[in-house]
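Enquirer: Here the protein sequences come in this chain order: A and B.
According to my numbering, the first sequence holds residues 39 to 961 in order.
According to my numbering, the second sequence holds residues 39 to 961 in order.
Incorrect hints may appear among the rest.
Where chains are identical, the list cannot tell them apart; a pair therefore holds if satisfied intra-copy or between any two copies.
[What the hints assert, rightly or not] The calculated SDA-like cross-link candidates involving lysine to any residue, where the alpha carbons are at most 25 Å apart (straight line), are:
no. : residue 1 : residue 2
1   : K531      : P253
2   : K919      : V110
3   : K64       : D295
4   : K339      : T855
5   : K907      : R655
6   : K238      : Y130
7   : K610      : K747
8   : K940      : L821
9   : K862      : Q552
10  : K944      : H61
11  : K134      : D291
12  : K719      : L706
13  : K614      : T251
14  : K134      : D338
15  : K658      : P509
16  : K907      : W888
17  : K747      : P269
18  : K134      : T855
19  : K339      : Y130
20  : K64       : R655
21  : K134      : E290
22  : K115      : N149
23  : K115      : V148
24  : K64       : I409
25  : K115      : Y620
26  : K588      : S138
27  : K339      : T85
Just so you know, the hints here were simulated from the structure itself, not pulled from any lab data.
Protein chains: 2
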Amino acid sequence: LIPRFVAYFSPVPSMCVCVQSCHATKPGMLNVHLVPHTHDDVGWLKTVDQYYYGDRNDIQHAGVQYILDSVVDQLLKNQDRRFIYVEMAFFYRWWKSQSSSVQQTVKQLVNEGRLEFVNGGWCMSDEAATHYSAVIDQMTIGLRFLNETFGAFGRPRVTWHIDPFGHAREHASMFAQMGFDGFFFGRLDYQDRARRMRNKEQELLWRASDSLTPPMADLFTGILPNGYNPPEGFCWDQLCSDPPIRDDPDLEDYNVDDVVGCFLVIANSQSTVYKTNHIIMTMGSDFQYENANLWYKNLDKLIHYVNARQANGNKVNVLYSTPSCYLQELHRANLTWPLKTDDFFPYADDAHDFWTGYFTSRPALKRYERISNSNLQTCNQLEVFGEKAMAVAQHHDAVSGTEKQHVANDYARKLANGWQHCRVLVSNSLAALSGLSAERIYCENLNVSVCPLTESSKKFSVNVYNPLARPVTWPVRLPVNGTAYSVSDASGKAVDCQVSMCASSFAVNELVFQVQAPPLGYTTYTVALIQDGPPPAPAQQRAPPVIQNKFLQVTFDPETGLISSLNNQETKQIIKLTQNFYWLVYNASAGNNVESRQPSGAYIFRPNSSTPFIISRTAKTEIIKTSVVQEVRQWFAPWVSQVVRLYADSRALELEWTVGPVPIDDSLGKEVITRLDTSIKTSEYFYTDSNGREVLQRKKDFWPTWNLKQSEPIAGNYYPINSRAYIKDDVDQLTVVTDRSQGGGSIQNGSLEIMLHHRLLHYDFRGVGEPLNEISGIFPDGLVVRGRLLLTLDPLPTAADMHRPLAEGMVLQPLLTFTAGDLKPNTQLEFSGLLAALPPAVHLLTLSQWDEDSVLLRLEHQYQSSESKVSSQAVTVNLQKLFSTLEVLGVAELNLSANQWKDEMKRFDWTPEKGTGHQCCVS
Amino acid sequence: LIPRFVAYFSPVPSMCVCVQSCHATKPGMLNVHLVPHTHDDVGWLKTVDQYYYGDRNDIQHAGVQYILDSVVDQLLKNQDRRFIYVEMAFFYRWWKSQSSSVQQTVKQLVNEGRLEFVNGGWCMSDEAATHYSAVIDQMTIGLRFLNETFGAFGRPRVTWHIDPFGHAREHASMFAQMGFDGFFFGRLDYQDRARRMRNKEQELLWRASDSLTPPMADLFTGILPNGYNPPEGFCWDQLCSDPPIRDDPDLEDYNVDDVVGCFLVIANSQSTVYKTNHIIMTMGSDFQYENANLWYKNLDKLIHYVNARQANGNKVNVLYSTPSCYLQELHRANLTWPLKTDDFFPYADDAHDFWTGYFTSRPALKRYERISNSNLQTCNQLEVFGEKAMAVAQHHDAVSGTEKQHVANDYARKLANGWQHCRVLVSNSLAALSGLSAERIYCENLNVSVCPLTESSKKFSVNVYNPLARPVTWPVRLPVNGTAYSVSDASGKAVDCQVSMCASSFAVNELVFQVQAPPLGYTTYTVALIQDGPPPAPAQQRAPPVIQNKFLQVTFDPETGLISSLNNQETKQIIKLTQNFYWLVYNASAGNNVESRQPSGAYIFRPNSSTPFIISRTAKTEIIKTSVVQEVRQWFAPWVSQVVRLYADSRALELEWTVGPVPIDDSLGKEVITRLDTSIKTSEYFYTDSNGREVLQRKKDFWPTWNLKQSEPIAGNYYPINSRAYIKDDVDQLTVVTDRSQGGGSIQNGSLEIMLHHRLLHYDFRGVGEPLNEISGIFPDGLVVRGRLLLTLDPLPTAADMHRPLAEGMVLQPLLTFTAGDLKPNTQLEFSGLLAALPPAVHLLTLSQWDEDSVLLRLEHQYQSSESKVSSQAVTVNLQKLFSTLEVLGVAELNLSANQWKDEMKRFDWTPEKGTGHQCCVS
């Protein structure tokens with residue numbers, strides 16, 4: 039199931055099938071496809087704009103403006119030459135600064151297949167830490183730019199993820215649904231690669247969903263021979279030092295025979311680990327081709343001198359090529375290919391080099407990215423609704439037409455400064471919808487209880503916008519200085535609210551109440567101070583150590599202060615549950631460095647023991663119970679605390695953890711985890727999601743497709759958790775929903791651990807050149823990170839009915855905006871863009887303005903094929919009766935990335951080998 | 039005097055005055071001339087061909103082929119852009135690999151003044167260690183290529199010595215005589231620069247000869263503002279990290295206002311230290327412009343944004359320019375300029391950073407270069423004579439016509455492998471001239487007494503070719519194994535010869551005899567073994583400690599074994615003379631590093647004491663006297679020895695020193711000097727030559743043009759000695775003629791010291807990145823160097839009559855070739871290309887084949903204006919009666935570099951400031 043609907047309300051230029059301009063190959067020979075390329079990280083050691091301009095070359099030499107200048111010049115010098123380009127974040131910046139004559143020239147190069155776009159998204163997305171909704175958005179932005187600029191010739195046929203550190207099945211599924219014919223990447227587990235080389239299985243068919251009918255999510259996948267680098271000795275970029283081809287016999291060191299001989303050895307060797315008489319060589323690397331002449335001048339010579347040997351009977355034919363030309367030859371070979379249904383996590387490039395640390399690296403940024411995505415969706419939705427409102431209320435003072443142009447057109451700024459600009463748009467749209475032009479305040483530090491307006495105002499209102507297509511209930515927690523407040527909803531009805539002493543140290547008190555917001559819309563609550571004065575006496579209750587509501591009961595061990603059990607009072611399920619915090623360490627001086635000197639770092643996770651250090655066996659606790667919320671506050675160490683929180687109407691238990699500054703006085707970097715040890719009887723299996731969407735089964739020390747030799751018992755069993763992980767036995771399923779991407783594993787049966795934060799004192803030799811030791815202006819002693827885990831305990835058949843909406847709400851959370859003082863009369867206090875909530879199975883993934891007359895709508899079935907008896911069923915939505923303020927004049931279905939009509943999407947068909955493929959997923 | 043005659047026997051294409059295509063400047067504004075340039079060392083950290091191809095970029099990133107590719111591309115993109123190119127060694131390699139269409143394009147760029155050549159020699163010659171004859175040759179090769187390729191538009195107007203470490207007056211003189219209008223350089227003494235900046239004397243008129251009538255050797259000289267680098271913050275090459283101009287207001291870090299503001303500050307500041315409203319900025323550096331787009335894209339923007347300020351009243355005008363366009367504006371300014379008559383040695387870039395070590399660095403290479411030049415002149419001469427002979431004896435088996443083409447056409451190989459190829463030509467020419475086709479053996483290791491042929495043959499002949507235009511007497515020393523030989527000259531007459539035990543450890547015995555060779559010709563000696571067997575008993579005489587001939591007497595101190603006096607028996611002059619060996623050291627741990635941490639290195643000489651360490655107060659000695667030669671062999675240490683040698687018919691005393699391996703067991707690098715302490719009453723003056731030609735007066739701790747503050751009492755008083763140095767008082771002049779370029783000084787009155795060798799353990803921070811610690815395959819413990827000093831003691835009025843021919847003979851020495859066995863009957867045993875010897879004042883500098891029908895002849899008056907009463911007088915030479923085998927059909931006079939007719943050579947006229955200029959030279 040899980041088909042995605044893409045509705046599109048106005049026609050776009052028809053897209054035809056691209057004409058390839060591939061060089062002819064020679065059937066009886068080994069054809070070597072040289073693919074000139076550059077890998078341009080959209081921010082890594084430098085910012086995007088620094089990379090674009092070539093600023094701060096003292097940090098890393100890289101200037102993308104010059105790369106594109108140079109490649110275009112060099113392509114014009116010899117029509118045989120080819121180049122591929124990937125990242126639209128850079129290409130767009132470059133394109134808009136070119137003269138129309140250069141633009142015309144580039145269009146010609148694209149039309150002739152000499153410049154080919156691959157991937158075509160705004161960037162080459164990470165596959166472990168990204169959420170599918172953000173990936174679809176960024177691909178759409180880039181592909182739309184290509185479509186509008188170059189038409190059908192600009193449409194990438196191939197996706198190209200040469201650098202990401204492991205590959206997610208959901209990415210492959212998305213790429214298939216976006217119409218890509220093939221997928222190439224460079225990194226996979228070193229054992230897996232060795233096996234695939236032996237078996238000639240480096241090219242395969244990836245069946246990337248167990249919900250979609252094949253070949254909907256089938257994607258041809260090729261593993262590149264040298265990561266994404268050229269073969270050794272053949273790097274001719276200015277960043278390399280390999281000897282150039284010296285072909286002037288009058289000068290010293292004539293080396294043509296050496297170079298050709300060496301190349302033939304490499305080519306023939308490479309051909310033994312691939313299936314066809316075509317092989318590909320990536321001739322480029324990070325930020326290469328800034329001076330493309332170096333590469334092309336030598337590649338021209340290489341091709342000339344190698345092919346000249348054909349006159350002497352040599353059977354190697356070298357040609358400039360592109361991934362799509364190479365793919366076309368593989369397709370023409372008409373072979374069968376091994377089928378793969380699992381994914382490529384975790385990635386290890388050597389026995390002690392598991393790239394599983396980055397699943398958690400920079401946890402604050404990972405949360406910020408997730409919140410930003412939520413806000414961006416809100417922004418997109420409000421642009422649609424606000425547009426409509428503004429159309430009928432154009433006179434309104436607050437509505438400035440200039441902003442729209444800005445946001446709609448400037449993709450660069452949208453990415454970099456998205457939220458700052460969205461704020462203006464959101465304010466304008468809300469003003470238009472509500473008729474309220476008063477200043478709208480955004481309190482972005484509510485997670486640490488900072489909001490000057492609520493702390494100082496005697497009266498204010500809270501606008502709660504809900505980007506979900508169904509109503510939401512949401513706890514609002516506001517820092518205040520008073521001791522008693524009245525809160526009323528849009529209808530003027532009083533709402534139960536409580537003030538308690540703030541758990542955080544920043545504010546005095548905290549006002550808590552539950553709000554309810556309509557689908558794709560907002561409602562308004564007003565808050566008034568009743569009693570000022572000194573803070574109330576702490577409403578703590580030290581016993582009994584239990585919190586509960588009508589759904590859940592959580593008990594605590596009175597000795598340790600730790601959670602001891604979780605009880606679903608509706609289903610009568612009860613499990614033993616102990617939760618605590620630990621740290622793991624890579625200690626460079628320990629004996630482990632006999633095997634390898636690899637330390638933990640931003641990428642690599644390498645603890646030197648399988649037994650984590652416990653931070654504290656006991657927690658100091660306080661219990662606070664009000665009618666709105668019950669919570670146990672736990673202190674484990676000066677740098678680790680947690681609030682175990684149960685709202686009156688919630689079916690999920692919230693663990694709000696605060697970790698940091700991680701101490702390093704002992705000169706040890708630390709990886710901080712929380713571990714849930716339960717009575718659930720697992721047998722080495724646990725489950726994690728892929729990019730926030732389908733869930734994959736994981737088994738300890740096991741890969742479905744090959745015989746794993748495990749060398750890292752902890753790091754080698756970590757997987758990315760984008761939105762949820764769970765453990766289960768025949769009766770109980772404990773699901774943890776996360777608020778950001780994290781890494782985690784199930785090292786012992788019944789146990790689930792998640793890495794929350796790490797602070798590392800060594801550099802892990804993967805290019806960044808510095809240890810991951812985050813400090814900042816407000817955290818000079820080390821970053822403090824706060825986050826939430828939501829726990830649900832359910833029977834297996836209905837567990838998905840719990841965690842799907844829970845995670846949906848975590849990803850798209852309400853946006854609160856504040857207005858001081860009394861509201862103007864006639865303010866529109868409530869609005870919903872939908873006539874009715876969508877069915878539970880249907881997630882409104884995208885609603886955004888496409889152009890003046892049309893919007894892009896993505897509706898998604900959010901349940902995996904068999905995870906819920908009820909919810910996994912197919913559903914029907916009537917678009918005509920969907921929106922409250924939009925009239926649907928027409929609908930056209932597009933591919934997932936909205937750059938092709940669905941019915942024009944024709945992909946290569948590939949035949950899987952019989953007997954391959956493994957049923958490894960959710961059963 | 040010292041005019042040079044250049045005779046040229048066939049017409050070349052007429053050269054017109056170049057049309058400049060300079061951008062217009064603005065009279066009321068400060069005009070900033072931006073000069074894009076690259077500085078491409080013709081070998082430094084990499085070989086020439088490695089630099090050309092961009093090979094070994096791991097050592098240094100540099101690839102000249104790509105620089106020229108890129109610059110041409112970028113010049114075509116905007117016709118305002120300009121570029122200058124210097125080194126023909128690279129340009130020629132590049133040019134010959136270009137298609138004719140690229141060549142046509144480049145010609146167009148040259149014709150339009152968009153690509154301008156400056157200097158135009160094969161390389162940018164060093165000024166301290168080069169001999170004028172080699173400099174003239176290398177300039178001629180490059181300028182000829184330009185003339186033949188680009189005609190008049192390719193002729194450089196300006197010479198450009200931006201990198202050499204100090205500037206020789208003779209270079210300026212040569213450049214003036216080559217027709218250059220101006221000279222620009224980057225390095226001069228830091229105190230001198232400071233003074234010149236204060237006084238606006240960074241642009242001046244250099245009167246570079248006291249023999250030539252002004253303005254024959256006048257050269258306008260400009261000191262560049264930043265060495266040859268761009269102003270700080272404005273380096274936009276790929277090798278730099280300055281921020282690019284970020285002018286897209288949509289992206290982060292828009293910096294146009296900052297960049298323009300900073301540039302205006304720099305420009306206005308620079309204008310305060312120059313005289314006119316024009317200033318120059320060198321926009322480039324070492325091996326820059328490999329990706330010229332980076333530079334030009336930002337320079338285009340800089341010019342655009344700075345000049346845009348003119349609309350707001352700003353008075354700075356920036357333009358692309360070239361040195362000749364800048365020079366033209368200075369000339370138009372019609373000002374007077376300070377006059378300078380001394381030179382720019384030594385060069386110090388800080389108080390303890392005197393670049394006087396490189397005068398001696400790599401002494402073996404310096405000698406090899408000098409010998410190679412001598413051989414090349416022989417080769418050139420023999421090509422002329424051999425051509426002629428071959429024309430009448432074409433049938434001769436041994437004459438292969440292919441070689442000539444090779445040598446004549448392939449400048450690259452000529453430079454790199456000159457001698458290897460010359461050998462073939464010399465053999466062929468000598469075979470043609472003599473009618474002897476037997477194999478000709480070259481013994482290049484005679485200086486260490488190695489020659490397998492002479493050591494093993496019972497009979498052999500020696501051909502002695504003399505490249506001088508007058509007869510020469512020359513001692514031949516051959517390693518042999520026999521104890522008695524007969525030697526006869528070309529007429530069959532017996533020649534006095536002696537066998538003695540070899541001073542060197544390599545061979546057993548040494549056969550010594552004097553040969554006499556005709557001008558520009560050869561003679562032949564035959565040698566036959568008389569007595570084989572055990573080596574003769576050492577013919578040593580331990581007393582009296584005196585050696586003498588009819589001209590000189592040398593006494594030795596019987597206690598120390600050192601020379602004690604020198605007596606000219608003809609002139610009855612006698613001086614006390616003590617000669618010994620010392621070393622100086624830079625000891626990093628000594629107290630001196632309080633002032634500066636600068637150590638000695640390949641460039642910098644910085645001893646940490648003014649008192650050198652004596653190697654040994656006494657020498658172990660042996661005396662050997664024969665009828666041919668008398669010599670005292672001195673051993674000072676296992677690594678220092680010397681032969682004091684007086685040939686029977688020589689007016690000069692020879693000191694053959696052997697130094698090495700310099701010991702470093704004490705972890706101290708050492709600078710080894712020999713010092714001559716005499717009774718001559720000097721008063722802080724001594725004299726050194728400039729590039730082997732005119733002699734300049736030097737005074738201790740004194741610069742003629744400014745008030746020197748001396749901070750390095752030894753290193754700051756060292757000067758380059760290319761061919762000779764002398765000290766004198768009213769009566770005696772002691773002249774030392776060297777066999778290579780060395781550094782030396784006169785630190786105490788009556789004393790003259792010469793640095794012979796150094797071995798250093800520290801790197802001196804000037805780019806090479808390694809200490810100067812020469813070892814080699816045959817010298818694994820450190821290089822051993824052998825060389826000769828010739829000493830003459832003369833009355834002042836005739837001293838030049840001694841040292842001029844002595845140095846002439848040292849520079850152009852006979853070439854010996856050997857033939858085993860009996861000579862074929864009818865072998866032509868003697869040949870002279872001249873009908874008669876030239877007058878003593880006239881040196882035949884060049885005789886080489888120009889093209890099929892013409893030869894290039896340079897005749898030079900080799901005496902300075904007033905150094906010899908007799909020889910400094912003007913002389914006349916009748917070209918028609920000069921050559922024995924060449925018929926002179928016509929003569930045309932050219933400039934010194936042979937790229938312009940003498941009568942078409944028109945240079946800018948410049949007016950010196952009144953009252954400037956110093957009479958500092960030989961008086």
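Enquirer: State for each hint whether it applies.
Expert: Results for each hint:
1. K531 - P253: neither (54 Å within a copy, 105 Å between copies)
2. K919 - V110: neither (50 Å within a copy, 65 Å between copies)
3. K64 - D295: Answer is within: at 23 Å inside a copy they meet the 25 Å cutoff, but 57 Å across does not.
4. K339 - T855: Result: close neither inside a copy nor across copies, 63 Å intra and 44 Å inter.
5. K907 - R655: neither (42 Å within a copy, 107 Å between copies)
6. K238 - Y130: neither (38 Å within a copy, 50 Å between copies)
7. K610 - K747: neither (42 Å within a copy, 97 Å between copies)
8. K940 - L821: neither (47 Å within a copy, 78 Å between copies)
9. K862 - Q552: Classified as within: same-chain Cα gap 24 Å, cross-chain 120 Å, threshold 25 Å.
10. K944 - H61: within (23 Å within a copy, 58 Å between copies)
11. K134 - D291: between (45 Å within a copy, 17 Å between copies)
12. K719 - L706: neither (35 Å within a copy, 75 Å between copies)
13. K614 - T251: neither (40 Å within a copy, 109 Å between copies)
14. K134 - D338: between (31 Å within a copy, 18 Å between copies)
15. K658 - P509: Result: close neither inside a copy nor across copies, 38 Å intra and 109 Å inter.
16. K907 - W888: neither (36 Å within a copy, 98 Å between copies)
17. K747 - P269: Neither: 28 Å inside a copy, 59 Å across copies.
18. K134 - T855: Neither, since 36 Å and 72 Å both go past 25 Å.
19. K339 - Y130: Between copies only: 21 Å across chains, 32 Å inside a chain, cut-off 25 Å.
20. K64 - R655: So K64 and R655 fail the 25 Å test inside a copy (70 Å) and across (82 Å) alike.
21. K134 - E290: between (45 Å within a copy, 15 Å between copies)
22. K115 - N149: both (17 Å within a copy, 24 Å between copies)
23. K115 - V148: both (15 Å within a copy, 22 Å between copies)
24. K64 - I409: Neither: 53 Å inside a copy, 58 Å across copies.
25. K115 - Y620: Answer is neither: 61 Å inside a copy and 63 Å across each miss the 25 Å cutoff.
26. K588 - S138: For K588 and S138, neither the intra-copy (67 Å) nor the inter-copy (89 Å) Cα distance is at most 25 Å.
27. K339 - T85: between (36 Å within a copy, 22 Å between copies)
Checked against the numbered hints given earlier, the structure breaks hints 1, 2, 4, 5, 6, 7, 8, 12, 13, 15, 16, 17, 18, 20, 24, 25, 26 and satisfies all the rest.
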